[in-house]
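Residue numbers (our numbering), protein chains in the order written: chain G, 37 to 400; chain X, 37 to 400; chain V, 37 to 400; chain C, 37 to 400.
Everything labelled a hint here was simulated from the structure, so no lab data went into it. Backbone N, C-alpha and C define an ideal beta-carbon position, used for all residues, glycine too. Honestly, I wouldn't trust all of these hints.
[Claimed, not checked] DSBU-like, lysine-lysine: derived pairs with alpha carbons at most 35 Å apart: (1) K319/C with K309/C; (2) K334/G with K39/X; (3) K70/V with K149/X; (4) K334/V with K278/C; (5) K70/X with K309/C.
[Unchecked claim] Restraint ranges, calculated between C-beta atoms of paired labels, are given here: (6) E321/V with R252/C: 21 to 31 Å; (7) A357/C with N272/G: 15 to 25 Å; (8) Q107/V with Q259/G: 41 to 51 Å; (9) L330/C with G78/G: 32 to 42 Å.
Number of protein chains: 4
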Amino acid sequence: MTKTISAAVALAPWETEIRELPTPPIPEDGGLLKVEVVGVCGTDVSWYEHLQKPMILGHHVVGYVAAIGRQAARQWGLREGDRVAMEEYLPCGRCTFCRTGRYRLCEATDSRKGGLRYGATPLEVEPGLWGGFAQYLYLHPHAVMHRMPDAVPPVEAALTLPLSNGFEWMVIEGQVGIGKSVVIQGPGQQGLACALAAKAAGADLVIVTGRSSSLRRLELAKQLGADHVINVQTENLVERVKELTGGEGADVVLDVTSGGTEPILQALQIAAKGGTVILGAYKYEAIPAFDSDLVVAKTLTIKGVRGHGYQSVEMAVECIASGRFPMSLLNSHNYRLADTDLALRTASGRGEPNPLLVTVSPWQ
Amino acid sequence: MTKTISAAVALAPWETEIRELPTPPIPEDGGLLKVEVVGVCGTDVSWYEHLQKPMILGHHVVGYVAAIGRQAARQWGLREGDRVAMEEYLPCGRCTFCRTGRYRLCEATDSRKGGLRYGATPLEVEPGLWGGFAQYLYLHPHAVMHRMPDAVPPVEAALTLPLSNGFEWMVIEGQVGIGKSVVIQGPGQQGLACALAAKAAGADLVIVTGRSSSLRRLELAKQLGADHVINVQTENLVERVKELTGGEGADVVLDVTSGGTEPILQALQIAAKGGTVILGAYKYEAIPAFDSDLVVAKTLTIKGVRGHGYQSVEMAVECIASGRFPMSLLNSHNYRLADTDLALRTASGRGEPNPLLVTVSPWQ
Amino acid sequence: MTKTISAAVALAPWETEIRELPTPPIPEDGGLLKVEVVGVCGTDVSWYEHLQKPMILGHHVVGYVAAIGRQAARQWGLREGDRVAMEEYLPCGRCTFCRTGRYRLCEATDSRKGGLRYGATPLEVEPGLWGGFAQYLYLHPHAVMHRMPDAVPPVEAALTLPLSNGFEWMVIEGQVGIGKSVVIQGPGQQGLACALAAKAAGADLVIVTGRSSSLRRLELAKQLGADHVINVQTENLVERVKELTGGEGADVVLDVTSGGTEPILQALQIAAKGGTVILGAYKYEAIPAFDSDLVVAKTLTIKGVRGHGYQSVEMAVECIASGRFPMSLLNSHNYRLADTDLALRTASGRGEPNPLLVTVSPWQ
Amino acid sequence: MTKTISAAVALAPWETEIRELPTPPIPEDGGLLKVEVVGVCGTDVSWYEHLQKPMILGHHVVGYVAAIGRQAARQWGLREGDRVAMEEYLPCGRCTFCRTGRYRLCEATDSRKGGLRYGATPLEVEPGLWGGFAQYLYLHPHAVMHRMPDAVPPVEAALTLPLSNGFEWMVIEGQVGIGKSVVIQGPGQQGLACALAAKAAGADLVIVTGRSSSLRRLELAKQLGADHVINVQTENLVERVKELTGGEGADVVLDVTSGGTEPILQALQIAAKGGTVILGAYKYEAIPAFDSDLVVAKTLTIKGVRGHGYQSVEMAVECIASGRFPMSLLNSHNYRLADTDLALRTASGRGEPNPLLVTVSPWQ
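Could you build all of it, start to finish, from the sequences and the hints given here?
Below is the structure:
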């Protein structure tokens, strides 16, 4: 183990500095992860933009166990050299949410309320190594890890968490499976992961919608298995979905568009009688024309969703490891640790064009 | 069997006439029900108010099989003299919805699209006896019936369908059971039935809310088993629910208020993290301040609900037959067939004060 | 329409005669199907072997609507020329089982109790055309049909019902999906269909077991997507499953072996803690060493399964139509109507070697 | 806090000694519980009978938090003086089972494999206070606790865990609710708790069966709400259940009889088509006449069950706190700490007659 650890520390909004941090002692119930690759998430960009205290960002982390305490090794069933994908949560393991398998609702994971969370915990909290944009990540006793087979290419492994959300929202929340029709509004990283999860679960009709500025992503959606794509600026969304679903509408409609309230209103229209509308994106404004009568008349279910659970991460790992899908197509930009700021700028849309999956490889 | 049948025929909005209709022949696959009691439903009032063609209203029907065809007897497992509670639907039995147990979505039950439905089918459709406000009801081959034990008082039996909705919305859709907390907004017939169903299923905290004009109904809610009632005009709903649920909010919140969009907005606020909001009433207007971000942040589920299924009607019959609840408390007005117009006026709030459960007994 | 219809009438065990039957009139609520292809089922062989009354066998039927009554056309949403796959059931549509979507339990479908069922109803019941081994099949008012896209090859379409069982048993009963491990004991038509359904639903580990006499079928299992096969006569089943599942055992274990009680005992052993064992085959003998303590200690679930439901048939049609799987590999023997007896003998193992999917094409 | 703690230490089979143990220091993440009451469980008797190392038995523990570390107080949301019911498990909180809400399957809870568990951990493991038969119980950092309202009588609170099993087995595993019929074979503490849970969840028909030697318990079953009881030695079980269920059999059948394989065979017979058989008792022998064909023909589900989950304990606490059921009727013997050996002998059937709920109150 090195004496110091190189880390890209975000000091202020859009300001990052590479620093050398001391290697911490390894506790009995914790460890240290050698970071192999980190995917940049929209949440990283948002934290960076509104940064209040210096911290290491990055929470879509894959790496190898570099050091591990005796007790941690036994409880996690891991040893040095094992490759894992990390969850961002550090749940307490003892509250009602933790005891009932819903640890992502655990108060201890809420970094806004003083909780710990990878990629969102200040440097001042010992040992500081709370983010993926560094050579090593601190394995806190409460860390949640999933084994990642060695054969999986890093850039695919870095998609574990986005794809986990895909399985959580489509399969676990939306009950998508054989014979189901799905419309995914918004072809970003999350939308594409949902499209892929829906196809992996056997959905026979997956439609991805986007705007003219997303034509490349819509094309990618098709390469990943989507059956149809719709450009909402040149096609009539409602009419087209009606046509593609034999007039019945879609069983499940997801909104992960970045802006505007229109997609939610349209979701209610294109959902089938008895269908489900899944809301996966914040709008930061009210939905003025929200038609609750349509929800009643069509007996729709609307579900707000956030993040993933243990089972959906396992699904994602298994789906990635199966090699069934050409996931590396999502890879668009890969950076060195020294270029972490650039990676975040690119993911934010301020840097190089057409970002999709932006990754940082700290040891490159 | 009599040669003619007395029926209260609605001729135009708020205009009813008692007529003698010919007794129809009994088909091999159908029959005739001697109507014992009919509960007046808000839907009856609505149909009456907007009546376009003469018809016999009334669809919360309980009665005795008076005549039955040989084939019908075999398929229904019924014989003359058996007492049954009717559903209002006459589903085709062959479409996808029927084949999958969701017959209330069957197109054939939609009287607005030429389908048949008890209490909503014009007199001109042979044999005309499609409503409960008559001495006999025609048992169409597609009728859906449930055995009603002879010992159940008529006025309690007449609550079968409202209580079925209660079980459908609370237990089947809302998963209410032991240890769950429920807020029911709106203490009408439907709200009270939902409160009762929730308690029957073991909910440990049932709160019913209403306005100052509903104090008597709120009192009734408590007699039926509700743990708390809230007058939303004199108490702070959000604070009070927070207090009663130990700060967590309610697992399930139902809106069956008759007017205003505020209850839906409040439902989102008083639902617990991960909770369910059930919409059971039309608003006839948009919900301008609908906060979809709150749905995401709290991972809420919103469900639009309508009517009942076979299983929930069975639950209602068994609950009523068990005698566990003082259901006859709901009884407020009982009329003779000749006073059917008055019964409908009372149920509409235009007649006698404080209507709750208004019934008509055609043979009284 | 022809005046007479050629049909292969089973007169006695292992005795079939081609007869010309009169074309029946088309009722308002029924129709006639031009039979395109019929798959031979083990049940057909069993009925043939124990035949008591003359009848037309065959119930895995695919064909084109040749004539249809006005009312039937409306209720079924079909017209002449439409291609459909038939279910064997003729459910009443009005009993509790029918009303709750479980029509395969409807008494009217039990041909042993005087009910009607395709491929199991005597010729003497008018109009006699109750089986697929004929040019036309009578479309009874209670028939359950599923649209089959025209592009699907007949021999694949003939697999609809076996594959429906696969989806019913694996996906609906066994909850097989992404990340699940499955062991299928018995590589017959049903076992292979289950393997395929499990893979279609995203199972990441499907193991099919068989005996030395089934090596060709095990090979076929792999071609259809099974991840591993085990020859139980040359390999240690329990050890091998343990190895392939990382020591944990399989989430779901199915028994569809034709004989012996050993597979059930082994199923309890190779199921994972909390796993599910699905029993899909009759044993005609007690299971003397049945270890209920193992069921408790491992908190196993055991489910007896039979047939399919509406949803699983829809899944099968969609899976076949998707063309994702090389289903035509299952095709082993195809016969003309005149050779129906030979088809049944082959399917029984008495005729040509290595039968798997044996079909009859009446118009060939 | 006292300097020493009185504890009933089981030294060898049927040999207990009251000892004074030193009061341990309170760790940051743990605490100490002042034991109010302990219910004696059949498992305690079994551990006592086969005791290998000295230990404090007793794991149905209710008490008051006497001391608590700062970190524990925060994570558990508890403080000194709070009353809680304990679970027996001390799950690690980090393995897959813990992460998915199934902590009772966590390896760390398996005391046979070196895991810790209340009432089953040797005295030699520091600090020794692992059982309820003592003035204080050590609150290990992994302890699972549930708040118990102060108003609940101790003897009722002591039923929390048996009743939790009742809710787990009946409601969560067996899906018992409104309109369901249940047969419970075996009127011991566990069977009665299941009967009570089934009624609490709204089951309309609960039948408890027993032998002539259990007539008092069968009588008690009726007082607790069972609708019918059957003496299997003087009545024909199969015929009687058929009669009471209108010929259909019971939706759910539970076996918690202490001996013999016959109840399992009968369970298959008295279960309804599509019903569920729940196995909650070890037989220590094979079931020679086990009829798997009946399982297939009736499409039965058989479930092996063990213990409770977080949710079912919450249900039990809420049910007890509601005061709906006369639970104190179950109370049969209450002992002082000094009489712990006698309490265990009584619970084993070797001491005073008719034991049902035997409790020890260490501070009495």
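Of all the hints numbered above, which does this structure not satisfy? Sort the numbers upward.
Violated hints (numbers, rising): 2, 6, 7, 9; every other hint is consistent with the structure.
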